[in-house]
Each structure stands twice: as C-alpha cells, then as structure tokens.
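So the sequence lines, in the order shown, correspond to chains A and B.
The first sequence begins at 1 in the numbering used here and counts up one residue at a time.
The second sequence begins at 1 in the numbering used here and counts up one residue at a time.
Be a bit skeptical, because a hint or two may be false.
Which copy is meant is left open, so a pair is good if it fits within one copy or across any two.
Unchecked claim - Straight line, CA to CA, 25 Å or less: simulated PhoX-like cross-link-like pairs of lysine-lysine:
1. LYS85 <-> LYS182
2. LYS144 <-> LYS97
3. LYS182 <-> LYS107
4. LYS119 <-> LYS179
5. LYS119 <-> LYS97
6. LYS107 <-> LYS179
Hints were generated in silico from the structure; no laboratory data involved.
There are 2 protein chains.
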Amino acid sequence: MKTLAENEKRGRPDIIHFALLEALGSPLNKERLLQVYVHTLSDHVIKVNPEARLPRNYSRFVGLMEQLFEFGKVPPSGQFLLELKRQSLSQLLREIKPDYVMAFSTKGVPNTLEEAVLKLSSRERPVVLVGGFPHNHFSEVTLKLVNELICIDPDMLETWTVTSRLIYEYERLISLPQKRLKG
Amino acid sequence: MKTLAENEKRGRPDIIHFALLEALGSPLNKERLLQVYVHTLSDHVIKVNPEARLPRNYSRFVGLMEQLFEFGKVPPSGQFLLELKRQSLSQLLREIKPDYVMAFSTKGVPNTLEEAVLKLSSRERPVVLVGGFPHNHFSEVTLKLVNELICIDPDMLETWTVTSRLIYEYERLISLPQKRLKG
Chain A
1 MKTLAENEKR
11 GRPDIIHFAL
21 LEALGSPLNK
31 ERLLQVYVHT
41 LSDHVIKVNP
51 EARLPRNYSR
61 FVGLMEQLFE
71 FGKVPPSGQF
81 LLELKRQSLS
91 QLLREIKPDY
101 VMAFSTKGVP
111 NTLEEAVLKL
121 SSRERPVVLV
131 GGFPHNHFSE
141 VTLKLVNELI
151 CIDPDMLETW
161 TVTSRLIYEY
171 ERLISLPQKR
181 LKG
Chain B
1 MKTLAENEKR
11 GRPDIIHFAL
21 LEALGSPLNK
31 ERLLQVYVHT
41 LSDHVIKVNP
51 EARLPRNYSR
61 FVGLMEQLFE
71 FGKVPPSGQF
81 LLELKRQSLS
91 QLLREIKPDY
101 VMAFSTKGVP
111 NTLEEAVLKL
121 SSRERPVVLV
131 GGFPHNHFSE
141 VTLKLVNELI
151 CIDPDMLETW
161 TVTSRLIYEY
171 ERLISLPQKR
181 LKG
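Extracted from the complex, chain A is given alone in its bound form (with noise of 0.2 Å):
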C-alpha cells in the first residue's frame, strides 16, 4: 500500500511547472522576498533561483528538468537557476532555521488563508509547505516537522491555486500591492 500511495505523488512535473511559473512572477518574490524549493518524493531538494525564467512551454521545462538531474544545476556552468541536492525536508529545514512551519492539507485545522498569513506575520523566517501532489496528503514524517496544519477549503485545491493565493495573501499582508503602486 505504501508504494501505491507514494506512487499517487509521483510523476507529475506539470504540477511544479505551473506552481514556479506563478511564484516566479509573483510581485512578492520580484521583490526577493520568497525564496522557493521544492522537495521531492526521492528526496531530493530543487532550489529556484528567484531570478530564473522559467520556460512557458512544458516540454521546454521538462528538458530543464532532465538537464537538472543530469548535471546538479542549469545552466550546468555559471549563475545557477535551478539547483539540484540529495537532501531530505528534515535536512532543508535544518538548513533554512525557520521559526515556523504552516502546512495546508484538508485534513488540517479551518482556517481562512487570510487568518492563516496572519499567523505568519510575526515571525521572522517562517516556512510554508504546498503540497505538489496530485492525491493523497502528507506523510507522517512531513507532519512531524510541521508547527501547524491548516485546511483553508474543503475541497482540495491544486498546488498552484494554493501557492499563487497564498503568495498573494502574504503581499497583502506587508501592504506590498500598495508599496509598489506609490512605486
């Protein structure tokens, strides 16, 4: 059972595709203030560069993608813009020292996202997981490292409909849409 369940998590890089094409764009992270990873199945941690341009085009990314595991970085010399490591989320986590963890999942606690961000706001490098899968839920390993499990909808809502409203959510919340229209 455990190889089904982890099989439902796996194989879809059009889910991570779209979810970077909307944290990329995001005023949030022009500004540099989001930094993204993505931790997969196999553990192993993709760290985005804020300044890469993703490909638009699918095939285009998943050729990225391949580079990526084949050489540990694209470009593979130079500035990187993806960066590829054998790490679990445990490990990244020791690396990035957040001072909180939010996770959402429909079998975590009501909350709007609103109120959810608002938890956020006093912390100094808070760290929120999306999952990028298209069934299932987190594992109890994932849950261990987790401050807090929110459900923000009963339905299950796909990974870049959570992370581009959650990204949104947070620049609401510094007053970023007003900073950068007083420019």
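Position chain B against the provided structure of chain A, taking the given hints into account.
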C-alpha cells in the same frame, strides 16, 4: 505596424491553458458563480462550461483546442465542455449584458486589486477582462467597451496570476472562504 503588434498577441495557448486551470479550479467556479469566455484576436469566442475539467497536460489541451476549432465544440456531441463561436468582443458583451466592465492594464488607473474588486460589489452582472497576450495592450476598440481600466501593479503580471488573484479577491469580497469552511 499593426500586424506586428497583433502578432505579439497570437499563438500562446499555454497562457489560456494556465489561466483556465486557475479559473476552473477555483472555489468561485465550484460554486457556479463564475462564467469564463476566451475571446481571440481572430474574433472567435470560446464559451467554457464551468463543469469542464481540462487536461493538465499541455499537449492534450492543444489537442482539445484543435478539436474545438474543427468541430465547433468539444466533445462533438452531447453537453459541451467548450463551445466556439465567431463573435467579436462587442457582440459577446451585447449578449452578456453586463452592468459594468472592468479591465486590467499597466496603462490603467493605479488601484489595489482589493479596491478594484470592491467596486464590483454593487454590480449585478460585472464583466472583468484580463488580457491573454504575452506583450502589448488592449486595442482601442476593446478600450471603448470598458468602463474602467485599472493598474494593479507597475509590472505587467502574467495572465494566470491576475486571473487567480482576481477570483480569490472576489471570493473574499463575498466571504466565500468562510461560507465554504462552515459547510
């Protein structure tokens, strides 16, 4: 010059793909409070059935679009998921009969998205236009159909980003997150 400018608005079905995934997967759409249309530069209008579940895979989405342009709807028989008409934007708006038309552009009046969406709250049948082209701006013809042109960020944001945030902000306006969590 006109041809060159118009060419910059063509040939990016990936933009429509992402934006439709954001729209159709939203709680607002799940509550059947959203109707999405895609107007193309060639004056075709695609009416999207709110119940449509689009392929996440880009190649399959492009295949669906090809089928749509061949048969006029998909699936070719029975209840349509996507339906194609030859229609200009002004013809479409005459059919929808909106009481307010808002559009987003970096050339618009600076307003946060929150302020912008608040203006829709008193409207019965608002229409919001989001540009689906990689460069360039709405045509003069389109701008004549618009009551208000708004700039929510000094940078041009991606179509799917504006779509996602707009829908979320509207959900917030009508307290949909709270209502859905209370079930």
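>> I want to check one pair: LYS85 and LYS182. Are their C-alpha atoms no more than 25 Å apart within a copy, between two copies, both, or neither?
In response: Close neither inside one copy (40 Å) nor across copies (42 Å); limit 25 Å.
> Using 25 Å as the alpha-carbon threshold, which applies to LYS119 and LYS97: within, between, both, or neither?
Replying inline: within (18 Å within a copy, 42 Å between copies)
> Given identical chains, is LYS144 near LYS97, meaning Cα to Cα at most 25 Å, within a copy, between copies, both, or neither?
Replying inline: within (15 Å within a copy, 53 Å between copies)
>> For LYS182 and LYS107, with the copy left unspecified, which applies at a CA distance of at most 25 Å: within, between, both, or neither?
In response: Classified as between: cross-chain Cα gap 15 Å, same-chain 40 Å, threshold 25 Å.
> Which holds for LYS119 with LYS179 at a C-alpha limit of 25 Å: within a copy, between copies, both or neither?
Replying inline: both (22 Å within a copy, 21 Å between copies)
>> At most 25 Å between CA atoms: does that hold for LYS107 and LYS179 within a copy, between copies, both, or neither?
In response: The answer is between: 18 Å across copies meets 25 Å, while 36 Å in one copy does not.
Checked against the numbered hints above, the structure violates only hint 1.
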